[in-house]
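> Take a look at the letters that make up each chain.
2 protein chains.
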Amino acid sequence: MTGLQQQIDFVLELDRLKAVYRQALVKEDNNRQENSAEHSWHIALMAQVLHQYVDEPINIFRVQNMLLIHDIVEIDAGDMFAFSEQQELDAQADKELAAAERIFGLLPESQNQSIKQLWIEFEAAQTPDARFAKAMDRVLPLLQNMHNDGGSWLRYNVKKTQVINRNNHLDGLAPRLWSYVCEQIDIAVENRWLKNE
Amino acid sequence: MTGLQQQIDFVLELDRLKAVYRQALVKEDNNRQENSAEHSWHIALMAQVLHQYVDEPINIFRVQNMLLIHDIVEIDAGDMFAFSEQQELDAQADKELAAAERIFGLLPESQNQSIKQLWIEFEAAQTPDARFAKAMDRVLPLLQNMHNDGGSWLRYNVKKTQVINRNNHLDGLAPRLWSYVCEQIDIAVENRWLKNE
Numbered sequence: 008m009t010g011l012q013q014q015i016d017f018v019l020e021l022d023r024l025k026a027v028y029r030q031a032l033v034k035e036d037n038n039r040q041e042n043s044a045e046h047s048w049h050i051a052l053m054a055q056v057l058h059q060y061v062d063e064p065i066n067i068f069r070v071q072n073m074l075l076i077h078d079i080v081e082i083d084a085g086d087m088f089a090f091s092e093q094q095e096l097d098a099q100a101d102k103e104l105a106a107a108e109r110i111f112g113l114l115p116e117s118q119n120q121s122i123k124q125l126w127i128e129f130e131a132a133q134t135p136d137a138r139f140a141k142a143m144d145r146v147l148p149l150l151q152n153m154h155n156d157g158g159s160w161l162r163y164n165v166k167k168t169q170v171i172n173r174n175n176h177l178d179g180l181a182p183r184l185w186s187y188v189c190e191q192i193d194i195a196v197e198n199r200w201l202k203n204e
Numbered sequence: 008m009t010g011l012q013q014q015i016d017f018v019l020e021l022d023r024l025k026a027v028y029r030q031a032l033v034k035e036d037n038n039r040q041e042n043s044a045e046h047s048w049h050i051a052l053m054a055q056v057l058h059q060y061v062d063e064p065i066n067i068f069r070v071q072n073m074l075l076i077h078d079i080v081e082i083d084a085g086d087m088f089a090f091s092e093q094q095e096l097d098a099q100a101d102k103e104l105a106a107a108e109r110i111f112g113l114l115p116e117s118q119n120q121s122i123k124q125l126w127i128e129f130e131a132a133q134t135p136d137a138r139f140a141k142a143m144d145r146v147l148p149l150l151q152n153m154h155n156d157g158g159s160w161l162r163y164n165v166k167k168t169q170v171i172n173r174n175n176h177l178d179g180l181a182p183r184l185w186s187y188v189c190e191q192i193d194i195a196v197e198n199r200w201l202k203n204e
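Protein sequences appear in the order of chains A and B.
Just so we're aligned, residue 8 is where the first sequence starts under this note's numbering, counting upward by one.
Just so we're aligned, residue 8 is where the second sequence starts under this note's numbering, counting upward by one.
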C-alpha cells in the first residue's frame, strides 16, 4: 500500500469520531449531545481566539493540532464523562493508549510517530502547549454550561470543587482567563447550577 | 464590554455551526447528514496529513485556520449544495458576506479584520494557501462518497464533469493528489456513482 493510500485510509477512519457522543449538549441544536469531532473543531478555533492571554511562550500551531487530534482515540475507547470515578478513568487511559497504537498506526511511520508524540504530550499536560490545550478542552464545556442554565452540570450534580480542580491548568498559565473562569464558577454556584461543595 | 467578553461571545456563537447540516452523509453514524462544524474539523486535520504533496510553498498553519473558519458564515447563510445553479450560488455569496460582517464583527476589531481577511482569501482561492484549503474542502466529500457507494452524488445525479471542475484546484498544485482524484472519478463512473457526462 502506498503512503498516500495509508493517509487516505486514516482520513476516512476519522469519520467515526462524528459518531462518538459526549455528555455536553448543543444548545443551538435542540440540546442534542455534542460529538467529539465538532467539539475538537470548536476548541481548536477557541485556542486561536484566546491564545493572547497565555503568559508563557506557546506555539499555537502545535496547540491547535493537539486539539484537532486529542479525541481521535475515542473512536475505539469511547468518551468518558469528565467527572467519572478514578478507577474508570484509569481503565479508560489503557483503552486510549491501545486506540492510539491502532489508529495513528494507520499512517505512514513518520507521521504515526509524530502524531502519537503530540497526543502523549497533550495527555501528560506538562508543557505550556499541552497545558493550554487541556485548558481549552475543559473551559469550553464550562462556557457551554454557563450559556445553557447549567447544562450537563445539573444533570450530574457536579460540585464546584470538581470544576475548579478540572480547570486549574489556567492558574499561573493565563491569569486573566483563570480569573474569568473563577468568576463564572461563583455565578454557577449562586444559580445552583453547581453544588457548593 | 471587554475584549475577552467579546471573544467569549464569539466562541459561544460558533456553537450554532453544529446545527448547519450539509448534503454529505456520515456513513459511520447511520448515514445522518454531516454538519459544518465536524466537517471543518475533518478537513483541517486532513490538510495536516496531506500537505506534503503540495508542490508550491504553503503555510499549513494558515491553511488549517482558513479551514477552521471557512464555514462560519453558514451560521447565518446556511449551507448550499455544491452543485446548485449559478444564480443560487451568486445569491449565497451576498448572504455570506453579510454573515461575515456580523459574526466576525463580534470579535475585537484587530481579530475581526484578520479573520475576515483570511476568509476573503479562502473564498478568492488565488493564493497557494487558499487553493490548497479549497482543495481539501472539496476532496473530502469525494473520498466520503467513494467510501459510501456514491453517497450524495447518487441522490443528486451528479456528473463526472461537475466533480472534475470542482476539484481542479489540485491540478498543478498537488499533482500526486490530482492524479489520485482523477483515478477515483473514473472508478465512480465505472460504478455508475457519477453520470458519464
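Just so you know, the hints here were simulated from the structure itself, not pulled from any lab data.
Some hints here could point you the wrong way.
If several chains are the same, the list does not tell them apart, and a pair holds so long as it fits within one copy or across any two.
Stated by the list, open to error - 25 Å max Cα-Cα, derived SDA-like pairs, lysine to any residue: (1) 202 to 127; (2) 166 to 179; (3) 34 to 109; (4) 202 to 103.
What you are looking at is a predicted structure, and each value in this text was computed from that prediction instead of being measured.
> Now, for every hint given, state plainly whether the structure supports it.
Do the hints match the structure? See the list:
1. 202 to 127: Neither: 33 Å inside a copy, 46 Å across copies.
2. 166 to 179: within (23 Å within a copy, 57 Å between copies)
3. 34 to 109: between (34 Å within a copy, 21 Å between copies)
4. 202 to 103: neither (31 Å within a copy, 43 Å between copies)
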